[in-house]
Each structure stands twice: as C-alpha cells, then as structure tokens.
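**Q** Chains as they are written, first to last, in my numbering: chain H, 1 to 282; chain B, 283 to 564; chain G, 565 to 846.
Just so you know, the hints here were simulated from the structure itself, not pulled from any lab data. There may be inaccurate statements among the hints.
Said to hold, decoys possible - Chain B side only, calculated, beta carbon under 7 Å to chain G, not exhaustive:
| no. | residue |
| --- | --- |
| 1 | 291 |
| 2 | 541 |
| 3 | 545 |
Stated by the list, open to error - Here are the simulated DSSO-like pairs of lysine-lysine, each with C-alpha atoms no more than 27 Å apart in a straight line:
| no. | chain 1 | residue 1 | chain 2 | residue 2 |
| --- | --- | --- | --- | --- |
| 4 | B | 303 | G | 768 |
| 5 | H | 96 | B | 486 |
| 6 | G | 585 | H | 204 |
| 7 | G | 585 | B | 378 |
| 8 | H | 21 | H | 96 |
| 9 | H | 204 | G | 683 |
| 10 | G | 768 | H | 96 |
| 11 | B | 378 | H | 21 |
| 12 | B | 546 | G | 768 |
| 13 | H | 119 | H | 96 |
| 14 | H | 264 | B | 486 |
| 15 | B | 546 | B | 486 |
| 16 | H | 204 | H | 264 |
Computed from a predicted model, the values in this text were never measured in an experiment. Note that the Cβ used here is the ideal one computed from N, Cα and C, for glycine as well.
Given next are the chains, with one letter for each unit.
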Amino acid sequence: MTAIGRAEIRDRMVQAVEAVKRTNPMVGSITNTVTINLVANTQLAVGGSAAMVYLPDEAEFLVRAGGAVYVNFGTLIPIYEETLPRVARAASEAGKPWVLDPVAVGIGSMRTNLLRQFKEYRPSVIRGNASEILALAGLWELDGGSDRSNVRGVDSTDQVIAAKGAAVALARWTGGAVAVSGEMDMVTDGRIVAFSHGGSHLMKRITGSGCSLGGVVAVYAAVAPPLIAALTATAVYNLAGRRAEASASAPGSFQAAFLDELYKASAEDIADNPLDIEEVGA
Amino acid sequence: MTAIGRAEIRDRMVQAVEAVKRTNPMVGSITNTVTINLVANTQLAVGGSAAMVYLPDEAEFLVRAGGAVYVNFGTLIPIYEETLPRVARAASEAGKPWVLDPVAVGIGSMRTNLLRQFKEYRPSVIRGNASEILALAGLWELDGGSDRSNVRGVDSTDQVIAAKGAAVALARWTGGAVAVSGEMDMVTDGRIVAFSHGGSHLMKRITGSGCSLGGVVAVYAAVAPPLIAALTATAVYNLAGRRAEASASAPGSFQAAFLDELYKASAEDIADNPLDIEEVGA
Amino acid sequence: MTAIGRAEIRDRMVQAVEAVKRTNPMVGSITNTVTINLVANTQLAVGGSAAMVYLPDEAEFLVRAGGAVYVNFGTLIPIYEETLPRVARAASEAGKPWVLDPVAVGIGSMRTNLLRQFKEYRPSVIRGNASEILALAGLWELDGGSDRSNVRGVDSTDQVIAAKGAAVALARWTGGAVAVSGEMDMVTDGRIVAFSHGGSHLMKRITGSGCSLGGVVAVYAAVAPPLIAALTATAVYNLAGRRAEASASAPGSFQAAFLDELYKASAEDIADNPLDIEEVGA
Numbered sequence: 001m002t003a004i005g006r007a008e009i010r011d012r013m014v015q016a017v018e019a020v021k022r023t024n025p026m027v028g029s030i031t032n033t034v035t036i037n038l039v040a041n042t043q044l045a046v047g048g049s050a051a052m053v054y055l056p057d058e059a060e061f062l063v064r065a066g067g068a069v070y071v072n073f074g075t076l077i078p079i080y081e082e083t084l085p086r087v088a089r090a091a092s093e094a095g096k097p098w099v100l101d102p103v104a105v106g107i108g109s110m111r112t113n114l115l116r117q118f119k120e121y122r123p124s125v126i127r128g129n130a131s132e133i134l135a136l137a138g139l140w141e142l143d144g145g146s147d148r149s150n151v152r153g154v155d156s157t158d159q160v161i162a163a164k165g166a167a168v169a170l171a172r173w174t175g176g177a178v179a180v181s182g183e184m185d186m187v188t189d190g191r192i193v194a195f196s197h198g199g200s201h202l203m204k205r206i207t208g209s210g211c212s213l214g215g216v217v218a219v220y221a222a223v224a225p226p227l228i229a230a231l232t233a234t235a236v237y238n239l240a241g242r243r244a245e246a247s248a249s250a251p252g253s254f255q256a257a258f259l260d261e262l263y264k265a266s267a268e269d270i271a272d273n274p275l276d277i278e279e280v281g282a
Numbered sequence: 283m284t285a286i287g288r289a290e291i292r293d294r295m296v297q298a299v300e301a302v303k304r305t306n307p308m309v310g311s312i313t314n315t316v317t318i319n320l321v322a323n324t325q326l327a328v329g330g331s332a333a334m335v336y337l338p339d340e341a342e343f344l345v346r347a348g349g350a351v352y353v354n355f356g357t358l359i360p361i362y363e364e365t366l367p368r369v370a371r372a373a374s375e376a377g378k379p380w381v382l383d384p385v386a387v388g389i390g391s392m393r394t395n396l397l398r399q400f401k402e403y404r405p406s407v408i409r410g411n412a413s414e415i416l417a418l419a420g421l422w423e424l425d426g427g428s429d430r431s432n433v434r435g436v437d438s439t440d441q442v443i444a445a446k447g448a449a450v451a452l453a454r455w456t457g458g459a460v461a462v463s464g465e466m467d468m469v470t471d472g473r474i475v476a477f478s479h480g481g482s483h484l485m486k487r488i489t490g491s492g493c494s495l496g497g498v499v500a501v502y503a504a505v506a507p508p509l510i511a512a513l514t515a516t517a518v519y520n521l522a523g524r525r526a527e528a529s530a531s532a533p534g535s536f537q538a539a540f541l542d543e544l545y546k547a548s549a550e551d552i553a554d555n556p557l558d559i560e561e562v563g564a
Numbered sequence: 565m566t567a568i569g570r571a572e573i574r575d576r577m578v579q580a581v582e583a584v585k586r587t588n589p590m591v592g593s594i595t596n597t598v599t600i601n602l603v604a605n606t607q608l609a610v611g612g613s614a615a616m617v618y619l620p621d622e623a624e625f626l627v628r629a630g631g632a633v634y635v636n637f638g639t640l641i642p643i644y645e646e647t648l649p650r651v652a653r654a655a656s657e658a659g660k661p662w663v664l665d666p667v668a669v670g671i672g673s674m675r676t677n678l679l680r681q682f683k684e685y686r687p688s689v690i691r692g693n694a695s696e697i698l699a700l701a702g703l704w705e706l707d708g709g710s711d712r713s714n715v716r717g718v719d720s721t722d723q724v725i726a727a728k729g730a731a732v733a734l735a736r737w738t739g740g741a742v743a744v745s746g747e748m749d750m751v752t753d754g755r756i757v758a759f760s761h762g763g764s765h766l767m768k769r770i771t772g773s774g775c776s777l778g779g780v781v782a783v784y785a786a787v788a789p790p791l792i793a794a795l796t797a798t799a800v801y802n803l804a805g806r807r808a809e810a811s812a813s814a815p816g817s818f819q820a821a822f823l824d825e826l827y828k829a830s831a832e833d834i835a836d837n838p839l840d841i842e843e844v845g846a
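Using the sequences and the hints, build the whole thing.
**A** Here's what the structure looks like:
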C-alpha cells in the first residue's frame, strides 16, 4: 500500500475545510477550564459547533449526537474518574472519531491511571507537545517512549523531533494519527511523517494554543480521516499564527488577530501551507 | 388591564440603563465554565458587579446579598444537584429576581430532573434559543411545547418564531418574561410579544453571546421588572452587535469590539433600538 | 535593622523582572474558573509558565515542581476542602513561596473554615482588596481587622488606606508581604508601607484584574522575596494599565491592550513606576 502523497493530501485538506464550513459539525468536548473558552471559540471560528460537558451521561450523549469528540486531560476533577473512561469507551465502541490531548501526563495518580487505561480505546488522533507524546508512549510501553517524564507542568522540555519514534509508535498502535506541537509541528499516521511550518513565537505567550489545536483537530475529524484532520488543523494554526503575527506584536492583540485569521483562512491557503513529507520505514 | 406601549417601554428602558450605571448592582451567577468570563465581563461592561459561585450556601448568600441571580445550566457538575434547587428556592421564596437559562435542556438525566423541578420556582425571566424554549415548555407540559427535543448540543435548530406559543405559555406560567434569542429576538410577558432587531452574524461565531445575554438580563432585573429587563438587555445586545460588526469583520476583534460597544451604549440609543410590538390574544 | 530603601527596591525589581524573563519560572495555581484564563495569560505575558489544577496530589506536585504557588479562593468546589489545606501545608513545609488571594472571605462556611485554618500556614504574600484584607485580619484575630465583613461579592466597599493597620498586622504575622489593591495600591512587609500609582479606571470594568495580579505576584515570588515580588507585580500592573488606557477607551480593547503592555514593559520602566514609601512605627 502506497502512502498518501502531497497532491492527494492537498485535495483532501481543501475538502475537509469546505465540508466543515458547509455542515457546521457539532463536536463535544471534555476539556480543561483554563482554555475551554478558547477551545470553543477556535472551533466556532473554523466553522464547527461546540458543546462542553463534565458529567458521564452527558458526555455519552455528545458522542452519539456529535460528529467527533475532544478529550483533554488539563484540569481533572473527581467526576472525571467516571466521565473520561465512559466517553472514551463510547467513542471507541461507536467508531466515532475522537481526539485525546494527554495534557501533563505523569502528574497525579488519577491522570496516570486514566491515561494508562486509555491505551485500549485507541484514540483516532493524539495531540500533545513532545514531552507529552514521549511520556504517553512510555506509559503505554511502546517503542520510542520515555520512562521518565520531562513534563514540567503543561510545557514541553523536549524538541518535537525527539518524539518522532514515539509518535510513529503511537500512531501504529492506534491506527490513527498523532500530532506533536512545537516550533515545527509533526504529524504522522505511522507511515508518513509530515512537518508543518509557520505559526508564531507568540503562540507560546497565550494559553491554550495547544489545547485549542486539539479541539480544532476534532472539528476536522468529524468530516475527514485522522491524518487529514490533524494535518488540516495544524496547517490552519500555522497559517493563522503567521498572519496574526504580521498585524500584532504582543499577546493580547495577537489572540484576537489569531481568531480572526482562523475564521478568514481559505481552504486553498490552508491546504497550501508549507508541509514536508517523508515516508517512514517499516 | 392594557398592555404596556412602546413609549412607556422606552422610558422604562432608559431608567433601567441609568439605574444600573448609577447603582452598580451586584448579581450572583451560577453559570457554565465555557463562557463564565464573558458573562462577568458583559455584566461589568453594562455597569453591574459580578460574583460567581458553585457551592449551595454560597449561592444562597448571593441571593440574599445581590440584586438578582443568574442560573445557567451549561456545564453541570455533581454539586449542582444540591446547589441549583437551593438557589432557585431561595430566590423564589425571597421574591428576588432571577433568570433561568436552560442551556441544552434534554441532555442528560440531572439536567432533565433539575429543570423539571424548576417549574415550581417560576423564574422571573427565562432566556434560551428557540429549541430550548420549545423543549422547556414541553418538559413543563405547557401549551406550544415540543415533546421531542431538537436541542443539538447548545445550538438551536428551530426558528425563533416557531417558539412563540411556547414562550407565551412559559411567561404566563411564571408571571415573568421569556426571551428567545435568534437572528431576530423575541421577548414576551404573555400579553405582548416584542421583536428586537439588530445584532450581527458574528455573534454565532463567538461562544457565549447567549449565556452572557442571560447574565445581562439579570443585571437589569436587579433594577427593573422582568419584561423591561429582558427588553433592555436584548436591545443593548442588538445595538452593540450591529455597531461592533461595523468595526470588526472576524470573531476575535468582534468580541473585543462588542464589549466596547456594550460599555459605550447610551441609555437613549439602547431604548431606541428597533422594536416591534404586538399584543397576544387571550 | 534598617528598612529597605527606594534605590535598593528599584534594583531588586529590575533583577526580578529580568530573572523571570530569563528563567521562565513555572508557577502552579489553584484558582477560580471566572478568571483562570486571564491569570494564565498574564503569567505568560510577564514571562512565566502557568499550570492549573484542582486535585490534591496534583497541587502538591506543582508545589514541588514549580517556583511558586498561587492559591485563589474565588470559586470553591467540594474537592477544595482537601486540596487547599494540602497545597498550603505543602508550600509551607517546603518553604516554597506562595500567594494567598482570599477572594470573598466571609461568604459561605467552607471558605470561612479554610481561611481560618490558613493562618498557621503563613502565606508568603497575601493579595486582596481592602474589604478582604480587613476581613481576613478579623478572621485571624489580628490588630486592625474588621469583625463584620464589608465583602459584597467580590468587590471592595472599603478604601485601601482603611486597611493599612490590617495589612501591616497580617504581614507581621506571616513574615511576608501583603498587597492591597484599589485605586492606589498599598504593599507592606510590616516595616515599610509602599503606595504604587497608575492603573486605569477600566481595570474595574474587566473581571480578573485583581486575581491575575495575584497570579503575577506568584511569578515574581519564584525569583524574588515577597516584598519585592508584590511591589514588582503591582508596578507592572499600574504601568500596563496606564499605558493600555492611552490606546483603549473601553473594556474589550482595554483587556487586549493591557496584556500587550504587560508583555512589552521593560524592567527599568517597571522599577521606575511611581512609588511612595513610608516606614511603619513599631
């Protein structure tokens, strides 16, 4: 089986962007309270519809009613011990696309126990920074994972490229895609590894640029397969970040400009955002 | 008894806006975590003071200490099983104005059970989109309600005008007012139905334009009767939305401009915002 | 022992600002959901790294892993009965700098019980408005405290200067610093009282200007002693507020401009922000 090429990726990214704008897919999220507003606003900006819940039966409802689900481990609360496995199981059993964001993997016992369980639910897309991807692969005992976590709060202390083996191993395990965020973003389905360029140094100076990228991956996952969803979301983030920096030189105005550019970006410009692709050996 | 006319409505809206700016009424809110920041910021922008809590006794304190209360069902957490009935009962028994926002009515068992109970507490103002108003009237077994919910996450799939019968029935049951949000907004006290015009297509592209409208209704409800409070809040939203769109063409800059226009709108301009009024037959 | 003078304060403020920008200290926060996003964004804007949690063992992790901790009492949830004492005890035992923001002290039984316990943990910095500082000193039975709370939701009904005795008594009890926010800000270590000038009337029209100041105090507390941390954070807030008001006349654009100015302020400009210092008699 031949890996997908740049031309086909471009066409399918255009289709994904247009399908979201045309169908306004509803995406349910269980996500942290720090950036929940930005997650919803970015999902709306690209053309999706957002709904957030905390309770188990409500999360299961959103799995059934929505086009995809976003599960972010940012700020755990006690009820999540019940909610998170139920939403993951429901999505997995229904074959509904879902995105896992293993924020701060390694901090706290509930986080570790839940994320360990999640291996069996095989999320369609995993998004994280390099330290999180390395630590999750380690927790799931996959190749390329790291035994000791370099997670320091919510920021990465590792380089994106250092997580390449872990990302490929995770993608092969899930059968989906993995997106590693950093100065250069890396997306893989286990067969190709794509590097997406752009963004802005100011994205590290606003909270939630990573979480909201995960939420936007889920929006595209409602209309496209995992690899295309991850590539499309990553591309629109890099495009909007670069454009926002052209008109804003500090974080407050940058955040507003970034949402504006997410909203204004055309399907063609998103699909043409610089992308380098390499095939992964077996 | 003659229904209230446009001239009197205009005068009382001017008085409401001025009373809020003069007295800075404190309004307690139990509201969702997605848009809680925008709710507080819109309440402050129009001249109110905001306080948000989750615990039952703290909510009861805010009922006693504040001028009005806002109860939004957006993101339920387990403690709400206790908090929400206690705050509704406290407001109802104290005769304190309070606003119910039955977000996503029909999703999940706790939401349904609590909202069913709320019928007896007769909220001063109910605010929702058309699907929510139809579903709440159905849940309360009132005329014009819908048996089957069209609620899809937090967005409406019904037109505002389709909820006219349900809104009138709810207002007659509570003895207060009902505000139905959509492209054109509808407000009723069961005797008149008023249609408020303006706003912006971008209000659907930022999260919380509905929730925060409910929060601002509560601010005006601290100084004015339910119908006037609902009309005033709806008018300032339509005015600020129209003005913000004139200076902002995308959601990020729109949200900042919208808060600016809420803050800058004069009492006269709010009271003069286009409004069509019709009387309802018995 | 001579109290610290203006020249030395200036030098140490410059060092604190530069140390934060150079070392990007991670600060854990347990804070309210209303302004949690702004707290994180202001911490990032001045050069820190932010991480927020709710669960007890995760909070303890952040005490160990971070440079300082911020504990804000804004929106209590049931698990905080366990989380808050554990994080305060952990910080106290580890000698890690931590900032207490006793938001709405006096509202609700859990808030009162927890804040009473906190006396023994002696926070490095206490930040609040005048009513909160008076009420906390009263709750801790210190000189200058108020028996009856004037706390009305989250806003102050007292003037900053009225809390001078309470602030000095609290600082002497903790051995740290106390920052009282208002039109003029007051900071004391129990030996000197410093008055910091600037800011904007619009800071009361956006939610979280107080909470986020507490979060930024914690960022500087990771690299500087309590008094310097409180003075530096207060100075950058007054500077950024004044500058933001020069380019923004309403709350929505003001908030974006304020974050921009926090990010752009130089160490020298922060250290030179107007400050009046007086010594306190024994």
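**Q** Take the hints in turn and mark each one as holding or not.
**A** For each hint, the structure was consulted:
1. 291: Residue 291 of chain B check fails; min Cβ-Cβ to chain G is 27 Å, beyond 7 Å.
2. 541: 3 Å, holds
3. 545: 5 Å, holds
4. B:303 with G:768: Given pair residue 303 of chain B, residue 768 of chain G holds - Cα atoms ~13 Å apart, limit 27 Å.
5. H:96 with B:486: 26 Å, holds
6. G:585 with H:204: 13 Å, holds
7. G:585 with B:378: Roughly 50 Å separates the two Cα atoms, so the pair is violated.
8. H:21 with H:96: 20 Å, holds
9. H:204 with G:683: 37 Å, violated
10. G:768 with H:96: 45 Å, violated
11. B:378 with H:21: Violated, at about 44 Å.
12. B:546 with G:768: Holds, at about 15 Å.
13. H:119 with H:96: The given pair, whose Cα atoms are some 16 Å apart, holds under the 27 Å limit.
14. H:264 with B:486: Holds, because 15 Å separates the two Cα atoms, which is no more than 27 Å.
15. B:546 with B:486: 22 Å, holds
16. H:204 with H:264: 22 Å, holds
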